[in-house]
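Sequence lines, in order, name chains A and B.
Mapping of the first sequence onto this note's numbering: residues 1 to 166, in sequence order.
Mapping of the second sequence onto this note's numbering: residues 1001 to 1628, in sequence order.
Nothing false has been slipped in among the hints.
Taking lysine-lysine and the DSBU-like style, the derived pairs with C-alpha atoms no more than 35 angstroms apart in a straight line are:
| # | chain 1 | residue 1 | chain 2 | residue 2 |
| --- | --- | --- | --- | --- |
| 1 | B | Lys1218 | A | Lys60 |
| 2 | A | Lys24 | B | Lys1293 |
| 3 | B | Lys1293 | A | Lys25 |
| 4 | B | Lys1347 | A | Lys60 |
| 5 | A | Lys45 | B | Lys1497 |
| 6 | A | Lys96 | B | Lys1510 |
| 7 | B | Lys1560 | B | Lys1599 |
| 8 | B | Lys1599 | A | Lys96 |
| 9 | B | Lys1420 | A | Lys140 |
| 10 | A | Lys25 | B | Lys1342 |
| 11 | B | Lys1588 | A | Lys103 |
| 12 | B | Lys1417 | A | Lys157 |
Hints are computed from structural coordinates only; laboratory data are not their basis.
Next come the chains, spelled out residue by residue.
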Amino acid sequence: MCDNASIKDPYRQLDEYIDTLPYKKENLIGILHQAQELFGYLPDKLQWHIAQKLDIPSAKVYGVVSFYSFFTMKPRGKHVINVCMGTACFVRGAEKLQAELEKQLGIKTGQTTEDNLFSLDSLRCIGACGLAPVMMIDGKVYGRLHEPEEIRQILEKYRLEAMPEA
Amino acid sequence: MKLTSINELNALKTQNRVLLENRRLTHPVTTKDALGMPRNVLVCGGPGCHSSGSPKIAELLEEELNRRGLSEQVKVFQPGCFGFCEKGPMIEIHPDNTTYCEVSAPDVAVIVEEHLIQGNQVERLLFMEPSTKKRFAADLPFYQGQLRIALRNVGYIAPENILEYIAADGYQALASVLLNKNSLEVIDTIKKSGLRGRGGGGFPTGLKWELTRKSEAKQRYIICNADEGDPGAFMDRSILEGDPHSVLEGMLIAGSAIGASHGFIYVRAEYPAAIRRLQIAIGQARDYGLLGKGILGSDFCFDIELKYGAGAFVCGEETSLMHSIEGARGEPSVKPPFPAEKGLWGKPTCVNNVETLANVPPIILKGADWFASIGTEKSKGTKVFALAGKVQNVGLVEVPMGTTLRQIIFNMGGGIKRHKTFKAAQTGGPSGGCIPSKYLDTPIDYESLAAIGSMMGSGGLIVMDESDCMVNIAKFFLEFSVDESCGRCTACRVGTKRLHEILTKITEGKGTLDDLDKLEKLGKIIKDTSLCGLGQTAPNPILSTIKYFRDEYLAHILDKTCPAGVCKSLLKYHITENCIGCTLCAKKCPANCITGTAKERHVIDEERCLNCGACMEQCRVTGAIIHH
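Just chain B, with the same shape it has in the complex (with noise of 0.2 angstroms):
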């Protein structure tokens, strides 16, 4: 059914609205209450909990629903993701407004009979804060001090079904913009909202969209960046995957201001799972005349196209990116001139990434102001970040901006895992920092980032602790780096190279005073020339660690040991009193440099000790051989 005017828009939302009535509820009422109502039940299908086996729970509930003749009254749904990966596959059980953790096939009968049939929440499933016992069946702390706009319909409504958009108040903002409003007002609206490209460069996109609308041209192109590239991060996926019309949304209203006819969507090739959601919502939209031409019975025609990327980071950048979709190596070519003047095919483009874009429709529809209300002064609303490493409830979280860390990683996170301690945290991936605990206080936004020497990035928020050696965290991102390099210019493709290998040689216990300044330099240099945002930002995570982990360093160059206990030619190992002289490891031992007789503690000669684990590895005691 195509939609020829913004009437049948609302009366499509207007008839749809009972599909989302018992979701959310402002006043959730009692399990016992809900018995006689129409019930949800969402699965959890995020990635996450996707792994850990929620298609299979969503399959036996339905059998065990459809068993007990309860399918008519509960509806099975699989929505995007809930956040909280640590503790998948969850379920949430509504209008009661129930959330299950970790459920278990076993469990699906138990949920069934227990909370659907008889109305008892089941205790041991509801989230249990570990330092106070509590359970919580709904309003878990992981969620508390969250603000969820990017993400307002992910983990909410069904991403394949495009009337549940609608539903939402989705198209709402395309609507009003194609009859109320004409260009410049919309590029005013997003230039007074404050809002910034997510994608961790930070541009204003109000700017951005006003600048390609400048340049004369024909044919103008909008591209969506969703090539999330960061190790650790899952942000732009959870989003094209839980709520893909959100970013066609926001891709029609940026077309329209811009002038442009035609859009792109850049995705990984990674991510098959968003491919195929955006494939089903690209389609909905044509079926329903939200995108082609004519849309809404206006006179503005756009389309938009997949485009795969195949597995290159540095296609991250835009210039690089563009080259990708003209079918080419996805080198960086020299800015200026910038894309919104000569960007794919030479015509003016607009790159805007995922988050940026998903972004867009609540802006339109509640204001400027009320965007400009959130968040600090020079960064505005809210940023997602991919909450992972060593913190207790690995999850996604969207929180305003100016939020501190440790509010991210102790309230929603819960804290470090096994009761470690904080080391550091570390944002923008490979082109990021780490930072330390002196500035867990820090309120998160763009120029607080830079200032501390890291960056925003696109949202990955690793958390490492007292077991994490800063060296090698340092050596890891290099590795990446040097992988990813595209090698165009020389001071990030060989820079780099020499880089890694001066760490791999402290790693090593090789290292000298002198290669500390050498890297510092060399890292400055290559931030000075490198071509692209690559290279500019590849010296990061060893800039920042030198600067606030100069002792780690410092441990590997003089007293040659890795005070984490991580690099292994460092490492000497010993063996304790536990010992019962088995004599296990002076069998495996390479060097032979293990004695001693049977059912006695052995010994390791240390100067002849190769380092290589094969000890520890065969040991089957606990604690009698360690490492130091």
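Excised from the complex, chain A in its bound form (with noise of 0.2 angstroms):
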């Protein structure tokens, strides 16, 4: 059965927020997060469509998007790979942690895969230290990554999860 009615238009769930919202304009940033979360990613398209919600340029906007690393203007990949590069993690051979996913992804750390399927990041910290160095795929966490086939045997698995059932 179909029930198309409870398949919400996103833009309208992120104006019902909007409207929950004691003051607005001041909550810029919660608005953008919450419109990051039902979107995926802040195409202008959207964020013209919040500057007329909020009544403010749309420049203060897209100010805000581009000066916090947190959001995207560009769509990404199914999976987010994230490499941490913390100090910690650097001391213990993020760099080449790094280097070697980027080669096995063939894609370099920003990008996304042709498919689709994994969007290369790096961030500062995310307090597994013990563990260094570490990668996050999708906030699960991998730690103590020397060896390229671990990390090989780690995209197979997900790789075989996105494949269509045969």
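Each of the two chains sits in its own frame; use the hints to bring them together as a complex.
In structure tokens, the structure reads:
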């Protein structure tokens, strides 16, 4: 059975969220967090929409989006791989891990694979320094990654999951 | 249930005392004696243990206890970080006070059978001191010399249960402030205690409160700075996740002292677990009437709102942070006016760090003299450090001010990994400096660290060994500063980029002696002319490494070598007699500079070698290709 009525238009969902806020312009960052949660990224059109809804210049929205590294204006892959580039991971070989991932995925940090399965990024310290070097795939942490083979196996697991069942 | 008086709070405390009864007994019983007693199993829920699978361990424990019919007698909890991240996942069993390290899924059934049913400690899971091979069930060497004030409840109480916090004397300090003290007395206590900002700057907290209080205004704000951005630092995160109520209580006390009715916690979006715990804690505090109107029957009204960061390091700087809360780009503004006069939305604002606020309730309860008796002359109390890098025991330590680096790194930290030699300790993150071995015995406090070219910072402490290249480390930190510079002022925006370029040049073997002078000169200019703390401290990693590790810079510049063997462009590859002549390296060499016949030792033509390392990657024989 189809239940189209319950599939909400994300724009409407966002507007409803904004309407619940006691003050709006000051909450721009919170609104952008919510928008990125709903849409996955923040394209121009969406930034326009938010600017109009809050009655502020779209340049201001763009200024905030481009300032904070948490916000992205490009669509991301299905799985986001983040290599920890905190100092503890750095001194225990994070650069090698990053290079190995770039090699295996065939992309540079900040890019997304052609099949849209993986995006590769880096972040600063996730607090798992005891397991350094670490990477995080969609919130799951993989630690003590020194061997290329280990990394290959982890990526393979995600690739297999994404394959349509025969 | 809303608490309307201090008597009700005390009644709740007495009533829930039983929750904590079995944990941390002053006279622990033996494992055999504990058999008939109600027991607690605490599974560390800190970031490190969580990542290495502690939630699964807790789940398996509960299943196994259920299966063996023990779930009534033995309760499983997941409190915050125990601190000893290296040996995670860790569990503690009480009342017999036993700690097990590196517990894996198959160990769960063994612990239940052997320890909880038979009453025998599982020897192989106890911590073993590597040098003496001695096993420890409690009082692990890692914890000796530590003093937990800010972390007093972290790893001890269940952070999602306000009743456990109340049972552990929680909100008693707030009650005593509301009942017995006026705001000037509170400020006076904090001033006398000598508490200073734990976020890095070290500004006296009591004075900050007093200045905010003195500013004329109808509305004042208190902000908790939980934007812990230093790479390699996770102290504040552990407090927020492990004991969120202590931060709320600290804010309430600060709010009452400075006359604020509204507080904000500015927390990184990268810490989802901390955000969830704070949301739960704020919800519970409101339910119990500890936030809201007429708190504990007094006329004090206070509420707290969460604000999320969005990944900008500069937002740890207080003026940037306030702009971010206002919904704008997190760029700093010129001080004065200081936030204490004109802060958030132009109102007097006091910004305190997480650890600072967590220190406030114990100071109120135990008194300024008690706190001031700990530490050094100018730095009182304790400091939490996130000890990481090339040290045996990575983890979170809280030590009295004045403890030496040697004590932290070699006693608690267990020394350097893989028997290598200590080279430097880095404190203060991208704003700090690298401290060489000759200063290992310096007692740590704000002044002593500044005197040797580093800084306390928020508490990241990264240990480096002989295999770390100090030029490359300086480059790493500069890369961070370039990335995170907000672009507002030229000195920082352009200056850090130039510094980074020069460092890159040196690590590629193209540096000159002139570059070294340029680094020092430019570094000093950036320090003097930047608008905010980020720029003012960004050159520190370079200046301190040039000061203490000048030889390494000179080796890169004059000899074109990297003594630590890190900087790729400077490595010379060499095939040793271990070579079996498999020809793999010769086939893969992009420059075709490896020659030799099959089954005989090959040779690299160093003149034509590109230093790409492809040969070494391909080689299957240990020690056949080395770089030097």
